[in-house]
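**Student:** The lines below spell out each chain.
Number of protein chains: 2
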Amino acid sequence: MSDAALPRTGTSTDAFETRLGEVLTRMRERAYAFPAPYSQLWETVERMATGGKKIRPRLLLGAYEALGGIDERSAIDAACAMELLHLALVIHDDVIDKDVTRRGEMNITGSFASEAMVRGAGRSEATAWGEASSLLAGDLVLTLSHSLLARLEVPEDRRQAVLDVFDDTVFESAAGEHHDVWLSMRLEQSSPEDVLAMVDQKTAAYSFRAPLVTAAVLAGATTALITELESIARQIGVVYQLRDDVLGLFGDEHQTGKSTLSDLREGKETLLVTYARSDVAWTGVEHLFGDPSLTAADGARLRRVIEESGALVFVESVIAERCTAIDEAIRAASLPPSLHTQLTELTVTCRTRVS
Amino acid sequence: MSDAALPRTGTSTDAFETRLGEVLTRMRERAYAFPAPYSQLWETVERMATGGKKIRPRLLLGAYEALGGIDERSAIDAACAMELLHLALVIHDDVIDKDVTRRGEMNITGSFASEAMVRGAGRSEATAWGEASSLLAGDLVLTLSHSLLARLEVPEDRRQAVLDVFDDTVFESAAGEHHDVWLSMRLEQSSPEDVLAMVDQKTAAYSFRAPLVTAAVLAGATTALITELESIARQIGVVYQLRDDVLGLFGDEHQTGKSTLSDLREGKETLLVTYARSDVAWTGVEHLFGDPSLTAADGARLRRVIEESGALVFVESVIAERCTAIDEAIRAASLPPSLHTQLTELTVTCRTRVS
Numbered sequence: 000m001s002d003a004a005l006p007r008t009g010t011s012t013d014a015f016e017t018r019l020g021e022v023l024t025r026m027r028e029r030a031y032a033f034p035a036p037y038s039q040l041w042e043t044v045e046r047m048a049t050g051g052k053k054i055r056p057r058l059l060l061g062a063y064e065a066l067g068g069i070d071e072r073s074a075i076d077a078a079c080a081m082e083l084l085h086l087a088l089v090i091h092d093d094v095i096d097k098d099v100t101r102r103g104e105m106n107i108t109g110s111f112a113s114e115a116m117v118r119g120a121g122r123s124e125a126t127a128w129g130e131a132s133s134l135l136a137g138d139l140v141l142t143l144s145h146s147l148l149a150r151l152e153v154p155e156d157r158r159q160a161v162l163d164v165f166d167d168t169v170f171e172s173a174a175g176e177h178h179d180v181w182l183s184m185r186l187e188q189s190s191p192e193d194v195l196a197m198v199d200q201k202t203a204a205y206s207f208r209a210p211l212v213t214a215a216v217l218a219g220a221t222t223a224l225i226t227e228l229e230s231i232a233r234q235i236g237v238v239y240q241l242r243d244d245v246l247g248l249f250g251d252e253h254q255t256g257k258s259t260l261s262d263l264r265e266g267k268e269t270l271l272v273t274y275a276r277s278d279v280a281w282t283g284v285e286h287l288f289g290d291p292s293l294t295a296a297d298g299a300r301l302r303r304v305i306e307e308s309g310a311l312v313f314v315e316s317v318i319a320e321r322c323t324a325i326d327e328a329i330r331a332a333s334l335p336p337s338l339h340t341q342l343t344e345l346t347v348t349c350r351t352r353v354s
Numbered sequence: 000m001s002d003a004a005l006p007r008t009g010t011s012t013d014a015f016e017t018r019l020g021e022v023l024t025r026m027r028e029r030a031y032a033f034p035a036p037y038s039q040l041w042e043t044v045e046r047m048a049t050g051g052k053k054i055r056p057r058l059l060l061g062a063y064e065a066l067g068g069i070d071e072r073s074a075i076d077a078a079c080a081m082e083l084l085h086l087a088l089v090i091h092d093d094v095i096d097k098d099v100t101r102r103g104e105m106n107i108t109g110s111f112a113s114e115a116m117v118r119g120a121g122r123s124e125a126t127a128w129g130e131a132s133s134l135l136a137g138d139l140v141l142t143l144s145h146s147l148l149a150r151l152e153v154p155e156d157r158r159q160a161v162l163d164v165f166d167d168t169v170f171e172s173a174a175g176e177h178h179d180v181w182l183s184m185r186l187e188q189s190s191p192e193d194v195l196a197m198v199d200q201k202t203a204a205y206s207f208r209a210p211l212v213t214a215a216v217l218a219g220a221t222t223a224l225i226t227e228l229e230s231i232a233r234q235i236g237v238v239y240q241l242r243d244d245v246l247g248l249f250g251d252e253h254q255t256g257k258s259t260l261s262d263l264r265e266g267k268e269t270l271l272v273t274y275a276r277s278d279v280a281w282t283g284v285e286h287l288f289g290d291p292s293l294t295a296a297d298g299a300r301l302r303r304v305i306e307e308s309g310a311l312v313f314v315e316s317v318i319a320e321r322c323t324a325i326d327e328a329i330r331a332a333s334l335p336p337s338l339h340t341q342l343t344e345l346t347v348t349c350r351t352r353v354s
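Chains as they are written, first to last, in numbering that gives the first Met the number 0: chain A, 0 to 354; chain B, 0 to 354.
Since the hints were made in silico from the structure, they are not lab data.
Treat the hints with caution; some may be incorrect.
Same chains, same label: a pair holds when it works inside one copy or across any pair of copies.
Claimed, not checked - Below, a list of computed lysine to aspartate or glutamate pairs in the DMTMM-like style, where the Cα atoms sit at most 25 Å apart:
1) Lys97 with Glu124
2) Lys267 with Glu124
3) Lys267 with Asp13
4) Lys97 with Glu265
5) Lys267 with Glu114
6) Lys97 with Asp290
7) Lys267 with Glu320
8) Lys257 with Glu124
9) Lys267 with Glu45
10) Lys97 with Glu320
11) Lys267 with Glu187
Let the sequences and hints guide you as you build the complete structure.
**Tutor:** Shown next, in the form of structure tokens:
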């Protein structure tokens, strides 16, 4: 996603990076009192947290400023919490998917497992060690995120409301992730509605609703405005994820940093796939879908069947529809002009991004 | 562990059970808005939370009352948080150990995997689904525990101090768990000190230190007293875990509900094993240790080598030494008589328990 189209918040963004660095450095330093692998775990977490697009904290900070918020310190801590929640969910998602890489680099599981193998551990033992390291890192980062929000120095009703958003978000993201794994087993037929509901729960809730609603709560927005923002955020999140699914299959690997085989190998039940299943040609390639050793040629075959089923056109039409609905919702909401602009730009970015 | 020797707190304990039930019922009811497997996940969590000895909440409630605490409602919420933290750690521990049962019954992984197999999923897919369910359940229960503490209606400095205890506890338990997995790979030689430090971090911190210190903080105890209680709690925790290790190998399976083969099959690096490794006879049985399909006869052989190495006598002497130190620390601390009695009884129970 191009940086240019994301909410810009000037000094806040720098202050956010500084604060996130501080929070994680403190944890790593505490870890030095424990055996070496534990501080290595925190070093890895710190490295992971310095990358990425920072969509969620920037959305929070941009919205907070636009809504007239003036307590920059609390907004920054909340922004750190959003980024850490994202990191925790990503780390645990990798455990669930048994992934050893993320964005072309080894993730926690991969790096801990490979180091153990270098030191003489067997493959399965080393993998178990890598997975345990990821699982614990996710727990720690989730706790750290929650902890920042629990300690916000804001009026008590706002603090409680922020904690409510956090609780709801974890509850809903876990529901979406659980649903995703369930759908990927294909024990029952799934409808496009099922897949869209899952996407909304798994991604939109924590990536867009949580930062935007948290910003609004902290800035003291009215309940009516919060409700409007909630609906806008959820729809942007769905557009973001549908574009992600399209890029996962048809994107430029150099730009996305992700193989166009990986979703197919994993058997990821996206809206594209759910749609393609209703096409008669699917039966001829179904056995390839979810094959962990899928070849490039068979991947191309699967993609062709998906495209010729009309799935790509269908998903693009859902994206377009959602974008129209978002534009209408943004216009109907009584937003400060700068937030109006930010959300419009964010929607365009989510719709048109190539990475 | 016999119920009779645990702190008794009369109405508090009933009120605790009621409150824990309420908290979990509310979560399950919210989950009905999501696909069926998600509410099943919450039903399973609720069922798991109704069993067990409730050592941690009872310790917290007993200590709080003894220290003159009068805000029963906050103490009960904190007690629920301790029980939920225990549950979350146990659920994630099972993921790390790839266990499918706990105390002779199927755990979350086992029950979700077996139901998926009944519905037609393949074994490895079903296991991945079971593990994903456990991982998400652990995240949810960890968040729920943290959330109860974040919302305690107590003076702000005490709320912050309780959150500090929680953060430290998660940090330290994760360090201990990480260290435990590391030691079990045996890439470097471990000393009895390493194993004792791991036990202290992994079990004593969350099972004994956290409930006792949280109770003291909430009751407004002095910093000096909190420091004394912290040290007592840690030592009780080590006694508890060392007895657990002994029971795991030499206990009565009918009373413990756990096979005396499981720690040996898992290759659990307990103090018993670390000690036995220095015996020349160990080299003859080392290949059996950590063998997932260890037979009963080979298990008996391993146990004999461990016992004849003097490991059992050594561990019993460490337990006895710690108990003496605990008694001295209890006497030296200026505790209210009822807390003195409770901690003394708890130590005896941890030392002498047979289940």
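**Student:** Now look at each hint and say whether the structure bears it out.
**Tutor:** Outcome of the hint check:
When the C-alpha separation of Lys97 and Glu124 is checked against a cutoff of 25 Å, the pair qualifies both within a copy, at 14 Å, and between copies, at 12 Å. Within a single copy, Lys267 and Glu124 get their C-alpha atoms only as close as 27 Å, which misses the 25 Å cut-off; across copies the closest is 13 Å, which meets it. Taking the shortest alpha-carbon separations for Lys267 and Asp13, neither the intra-copy value of 36 Å nor the inter-copy value of 46 Å comes in at or below 25 Å. Taking identical chains as interchangeable, the C-alpha atoms of Lys97 and Glu265 lie at most 25 Å apart whether they share a chain (10 Å) or sit on different chains (21 Å).
For the homomeric pair Lys267 and Glu114, the shortest alpha-carbon distance between copies (22 Å) is at most 25 Å, but the shortest distance inside one copy (29 Å) is not. In this assembly of identical chains, Lys97 and Asp290 lie within 25 Å of each other by CA distance both inside one copy and across copies; the values are 14 Å within and 24 Å between. With identical chains, the CA atoms of Lys267 and Glu320 are at most 25 Å apart within one copy only, with a shortest distance of 23 Å there and 56 Å across copies. For the homomeric pair Lys257 and Glu124, the shortest alpha-carbon distance between copies (24 Å) is at most 25 Å, but the shortest distance inside one copy (27 Å) is not.
Taking the closest pair of Cα atoms, Lys267 and Glu45 never come within 25 Å of each other, the shortest separation being 29 Å inside a single copy and 30 Å across copies. Taking the shortest alpha-carbon separations for Lys97 and Glu320, neither the intra-copy value of 34 Å nor the inter-copy value of 45 Å comes in at or below 25 Å. Taking the closest pair of Cα atoms, Lys267 and Glu187 come within 25 Å of each other only inside a single copy of the chain (15 Å); across copies the shortest separation is 40 Å, beyond that limit.
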